[in-house]
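K.L.:
Those protein sequences? They're chains W and S, same order as listed.
Just so we're aligned: 523 in full-length UniProt numbering is position 523 of the first sequence, and the numbers increase by one with no gaps anywhere.
Just so we're aligned: 308 in full-length UniProt numbering is position 308 of the second sequence, and the numbers increase by one with no gaps anywhere.
If you are wondering where the hints come from, they were derived from the structure by calculation, not from laboratory data.
Here the structure is a predicted model, which means the values were calculated and not measured.
We put the beta carbon where it would ideally sit given N, CA and C, even for glycine.
Please note that a few of the clues may not be correct.
To be verified - Computed footprint of chain W on chain S; a stretch qualifies when at least three of its residues, placed anywhere within it, have a C-beta under 8 Å from a C-beta of chain W:
no., segment
1, 3-13
2, 17-26
3, 261-270
4, 488-495
Said to hold, decoys possible - On the chain W side, residues computed to face chain S include the following (Cβ under 8 Å):
no., residue
5, Thr64
6, Thr138
7, Ser294
8, Pro336
9, Gly383
10, Arg423
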Amino acid sequence: MTGTANTAILPVATPARVRRAIAELIRPRRAQALVALLTLAASAAISLLTAPLLGRVVDLAVATQRGEPTGSLATPVLSLAGVALVQGALAALGFVLVARLGESVLASLREDFVDHALRLPLARIEQGGSGDLTSRVTDDVSTVSEAVRTAFPEVARSALVIGLTLVGLLALDWRFAVAALLAVPVQAWTARWYVRRSGAIYAEERILTAVEHQQLLDSVGGARTVRAFRLADPHLAAIRTRVDAVIDVAMRLLRLHTRFFGRLNVAEFIGLAAVLVAGFLLVRSGTATIGEASAAALYFANLFTPVNGLLFLLDRVQSATAGLGRLVGVVDMEPPAEPLDPVRAGDGSVKAVGVGHSYTDGHDVLHGVDLDVPHGAHVALVGASGAGKTTLAAILAGVREPTRGSVHIGGVPLADQGQSLLRRTIALVSQEVHVFAGTLVDDLRLAAPAATDEELRAALRTVDALGWVEQLPEGLETVVGSGGHDLSVMEAQQLALARLVLADPPVAILDEATAEAGSAGARRLEGSARAALQGRTGIVIAHRLTQAATADAVVVMHDGRIVEHGTHDELVAAGGHYARLWAAWTASG
Amino acid sequence: MTTPGSAVLRGSLRLTRRRLVVGSLFGIGYQGGEALVPVLIGVVIDRAVATGDAGGLALWLGVLAATFLVLSLSWRFSARYSMYAAVEVERDLRMRLGRRILDPRGGAEAGHLPGAMISIATSDVRYVAGVADMVPRAVAAVVGVTVASVALLTMSVPLGLLVLLGTPPLLFLSQLVSRPLERRSAAQQEEAAQAAGVAADLVRGVRVLKGIGAEEHARERYRRVSRRSLHATVATARAQGGYEGAVLALNGLFLALVALVGGLLALHGSITVGELVSAVGLAQFLAGPMQSAGDIAAVWAIGRASAVRIAGVLEAPWAIAAGETIPAEPVRGELRLESVAEVPGGPGVDLVAVPGTVLGVVADPPAAAALLAWLGRERDPGGGRLLLDGRPFADLDPDALRGAVLVSAHDADLFGGTLHENLTAVAAGDPSGAIAAAAADTVAAALPAGHDTAVAERGSSLSGGQRQRVALARALAAHTPVLVLHDPTTAVDTVTEARIAESLRELRADRTTVLLTSSPALLAVADSVVVLREGRVAATGTHSALLRDDAAYRATVLS
Chain W
1 MTGTANTAIL PVATPARVRR AIAELIRPRR AQALVALLTL AASAAISLLT APLLGRVVDL
61 AVATQRGEPT GSLATPVLSL AGVALVQGAL AALGFVLVAR LGESVLASLR EDFVDHALRL
121 PLARIEQGGS GDLTSRVTDD VSTVSEAVRT AFPEVARSAL VIGLTLVGLL ALDWRFAVAA
181 LLAVPVQAWT ARWYVRRSGA IYAEERILTA VEHQQLLDSV GGARTVRAFR LADPHLAAIR
241 TRVDAVIDVA MRLLRLHTRF FGRLNVAEFI GLAAVLVAGF LLVRSGTATI GEASAAALYF
301 ANLFTPVNGL LFLLDRVQSA TAGLGRLVGV VDMEPPAEPL DPVRAGDGSV KAVGVGHSYT
361 DGHDVLHGVD LDVPHGAHVA LVGASGAGKT TLAAILAGVR EPTRGSVHIG GVPLADQGQS
421 LLRRTIALVS QEVHVFAGTL VDDLRLAAPA ATDEELRAAL RTVDALGWVE QLPEGLETVV
481 GSGGHDLSVM EAQQLALARL VLADPPVAIL DEATAEAGSA GARRLEGSAR AALQGRTGIV
541 IAHRLTQAAT ADAVVVMHDG RIVEHGTHDE LVAAGGHYAR LWAAWTASG
Chain S
1 MTTPGSAVLR GSLRLTRRRL VVGSLFGIGY QGGEALVPVL IGVVIDRAVA TGDAGGLALW
61 LGVLAATFLV LSLSWRFSAR YSMYAAVEVE RDLRMRLGRR ILDPRGGAEA GHLPGAMISI
121 ATSDVRYVAG VADMVPRAVA AVVGVTVASV ALLTMSVPLG LLVLLGTPPL LFLSQLVSRP
181 LERRSAAQQE EAAQAAGVAA DLVRGVRVLK GIGAEEHARE RYRRVSRRSL HATVATARAQ
241 GGYEGAVLAL NGLFLALVAL VGGLLALHGS ITVGELVSAV GLAQFLAGPM QSAGDIAAVW
301 AIGRASAVRI AGVLEAPWAI AAGETIPAEP VRGELRLESV AEVPGGPGVD LVAVPGTVLG
361 VVADPPAAAA LLAWLGRERD PGGGRLLLDG RPFADLDPDA LRGAVLVSAH DADLFGGTLH
421 ENLTAVAAGD PSGAIAAAAA DTVAAALPAG HDTAVAERGS SLSGGQRQRV ALARALAAHT
481 PVLVLHDPTT AVDTVTEARI AESLRELRAD RTTVLLTSSP ALLAVADSVV VLREGRVAAT
541 GTHSALLRDD AAYRATVLS
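Given the sequences, and given the hints that come with them, work out the whole structure.
P.N.:
Rendered as structure tokens:
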């Protein structure tokens, strides 16, 4: 692993490591890169012929006006036309080659990134890396893509034009080149001045824009709640504050840009005046023709655009490098170690022995939990929030390592199974509902790529979802998820259960899978969950006691301990904690 | 023609007209200066380089310096004033949209998905502001073209005409070759956006993927999408490369033509050598401002389309009939529904929530949603009327009414800020009793910074159960005379739910509370329960009596 890594934030690669990573990505495409570079250079070199050819036209005119014998105008003019055509063709080819190179490198990088991101252990992501990871895959990938698409070709071309123009000036007379270089100190100083300031302002702009966007999401997206609580005035005031903050930073950015270009104007004048003075002196001393002096001035005037463009893109290159560091940082993370010889679980029995856990030292959330769930049995976990149900579920699913004790699935310790095998043995459906963007078919096939449409339908039928799916505008082919058809919480959770049915693991853990759907929806989801658990071992974190009543066994947790364990009837008869809950639930007590 | 859209656009430009005028004046200074630079290069060649006159060199370099100073400062202030104009428009539109959307009478969201509303408030506003930003540039471009034309025509009428008449067809030709590119680019952007979208989507759903062991399949899917996007991008690059090459070649050929004609004129002595240099420079310069003039049409068209969408929100009809009467103080809190129905003449609901009691209402999801919308004044029923203390809702000021009757949906949004800010924003007095009653104190205890923990966008950083308890605490803390709660505890565990039900009853002892739910724990603390079926009241009684006597009720509540 490279770069700095603290416990929560994912690592960021150093600039040196980023350069090496890019070199590694380009290496297999070396020949392609070389051809691209040569084509661009040839195009830029050809373009430099324009100014001396124009100078030649000027010299012809001067000679004629002085009554000296001259050549024909046809040669330089036809050469100009030829230059235009060749330059156009080479530029087109160079652009395509550079774009293809940049885009292939970018595609490899983003694929590697997603590959590694999905490989990260869940516990690592939950350590606070989730938002970080999402922002890398959205913001950083788009910053880098944008740079590859726009800044990279522009920078390459500008740099070549500038370099070759200097060569052209040298060819006319070395003193023209020296005159032109007088602009460089001002440009270099301006670029440094700009890059030092722009990064921070751009970063601030991004943050403030995100804050403004979130405020609009809050106020506009939550308009109903704003009205219900009569919060319109504070919300409008907050919108104004956020909008003004964005405007303020945008104005600061603009002032920076205008000063930047103002300084570059000074450099332009210094260079142009120097080239003209050099022309004046050289023509007077007879070392250069008027045509050459004109060509030098035109050369220099044509540099304004590429120079300004190049310097202006420096900060974009800088932020793309930062983005690359964050992408390469994830790509460089070591995947978790897998056992050399993973052992497959014998059956779907789940056994926890003396499991204890603490997130911070000395503050245990689980104390010596023993649990034995036979193959195919359904167990309901009951307890107040904070009793440790979710932690226990994560430990049983092998997502979190217990501080003490061990977990066996089918008689094999979790550590001996390895994550990739384990994930096929035991599934965890968490409270978080995520509908993947795309068609329903695509969403379901994530769980079982080879499933036929009929198998998908069967899975949906099992979880009582086929009805609403067939009501959708395009049935299974309906686009859902972000930007598509909006599914209700209950529908999204049924979809999660259908994925579980398709993945078909011998053990499934459902954590709060029926919450948030409203009470009527929750009841329907209970039915779906029961059906999805058919034929596998099920551990369900129960929110409604009816879920517990239909389970084979009920485990009541309190303060990280199992306090009661038995069938529903046994526990009701025992008159303990669970019996009191049941009485409150059925209002019979 | 005054459509609502063009009214928004013109209104915005009128609002900021002073800044537009100043920005345009500076823009003229800038483009005029830019046009003069090639002319001055020619003059220096003619008056100094060709003649060897040092005084002339100093004089004209001085003029060149002055021109640079003017164009540089003009650009600076033109850009600033254009931006001032754009942000003035942006601020005005965004605040108008905000006020309209949050108006107590509602209705602005009708027919829009939440995402679309956000995009109107952000992108569309920006496009309209973009028109304001563009106006000074457009004016300046026209002036730049004029200055260059006058300079050219003064040197030589045939050369001037060649450049002036030749440039527009050149730009038109460039536009023509760019057409296929635009089509392809739209398709490519879609593909690229899709690749980016799929990546973000998979990473967001990484917990779900891992839960069912689907990372491998997800990786394969992403690779396919990414490759497709790569092919599309490379195809676009080919089109773009072709376009850039063609434009470069066209400009070069035009330059050769100008050099030919200018060279012939110079050979015949009709123009000076310096004028030839100027003409070549001006021919290259003119493409810039002429291009900007061409872009104006596109910016204007996009701005107008956005203005139409903005106008659609600003001028949306109100969702409810609103009166201006303020509920009489003190509010007793008697809520009465008289034959309230979805459609006029349909079956109606009649019920009364007696002040100081807890009324349970059991309804199927669509009926519950309708009841909630009517009580919260999100829309009016098709028939019948609702009354507070004997006064019809329609006569009352909706904002004042909400001060007396608070409706909190089970998916009520939390807002950005800390947990504490969310709870105190609407609290009447000390919220700690309400926080304890909703079991929200344990939420704060479980969070890293307690009550000062920041709540992410609409509460997404909290678990469902945490969010719901905070939302409930917020509703209780408002201490309104009437409180309507919809399924406030669906994501809360049974142990906590039972505790909440008891404290809720105690906290609301002398006020009116309506619980729209089928949770037995909550219904058990209601003074009476009303069951709605098929748009009318089907049964009334206490929870235990209904459990005993009504099989359908038992099935609904306990199954």
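K.L.:
Check, residue by residue, whether the segment 488-495 of chain S contains three or more positions whose beta-carbon lies closer than 8 Å to a beta-carbon of chain W, and give the verdict.
P.N.:
n = 6 at 8 Å, threshold three: holds.
K.L.:
Holds or violated: is there a CB of chain S closer than 8 Å to the CB of Pro336 of chain W?
P.N.:
Cβ of Pro336 of chain W sits 12 Å from chain S, so the hint is violated.
K.L.:
Confirm or reject the coverage of the segment 3-13 of chain S by chain W under the rule of 3 or more residues with a beta carbon closer than 8 Å to the chain's beta carbons.
P.N.:
violated (count 0)
K.L.:
Under the criterion of a CB-CB separation shorter than 8 Å, is Arg423 of chain W in contact with chain S as hinted?
P.N.:
3 Å, holds
K.L.:
Taking the least C-beta to C-beta distance, is Thr138 of chain W closer than 8 Å to chain S?
P.N.:
For Thr138 of chain W, the interface hint holds, since the closest Cβ of chain S sits about 5 Å away, which is under 8 Å.
K.L.:
Taking 8 Å as the limit, does the beta-carbon of Gly383 of chain W come near enough to a beta-carbon in chain S?
P.N.:
7 Å, holds
K.L.:
Given as covered by chain W, does the segment 17-26 of chain S meet the bar of three residues or more with CB within less than 8 Å?
P.N.:
With 0 residues close enough to chain W, the hint is violated.
K.L.:
Does Thr64 of chain W meet its interface restraint, that is, does its C-beta lie within less than 8 Å of any C-beta in chain S?
P.N.:
5 Å, holds
K.L.:
Examine the segment 261-270 of chain S: at least three residues should have C-beta closer than 8 Å to a C-beta of chain W.
P.N.:
Answer holds; 6 residues pass the 8 Å Cβ test.
K.L.:
Would the hint on Ser294 of chain W be counted as holding, given a Cβ-Cβ threshold of 8 Å to chain S?
P.N.:
Constraint on Ser294 of chain W satisfied, holds at 5 Å.
Going down the numbered hints, you'll see the structure goes against 1, 2, 8, while the others check out.
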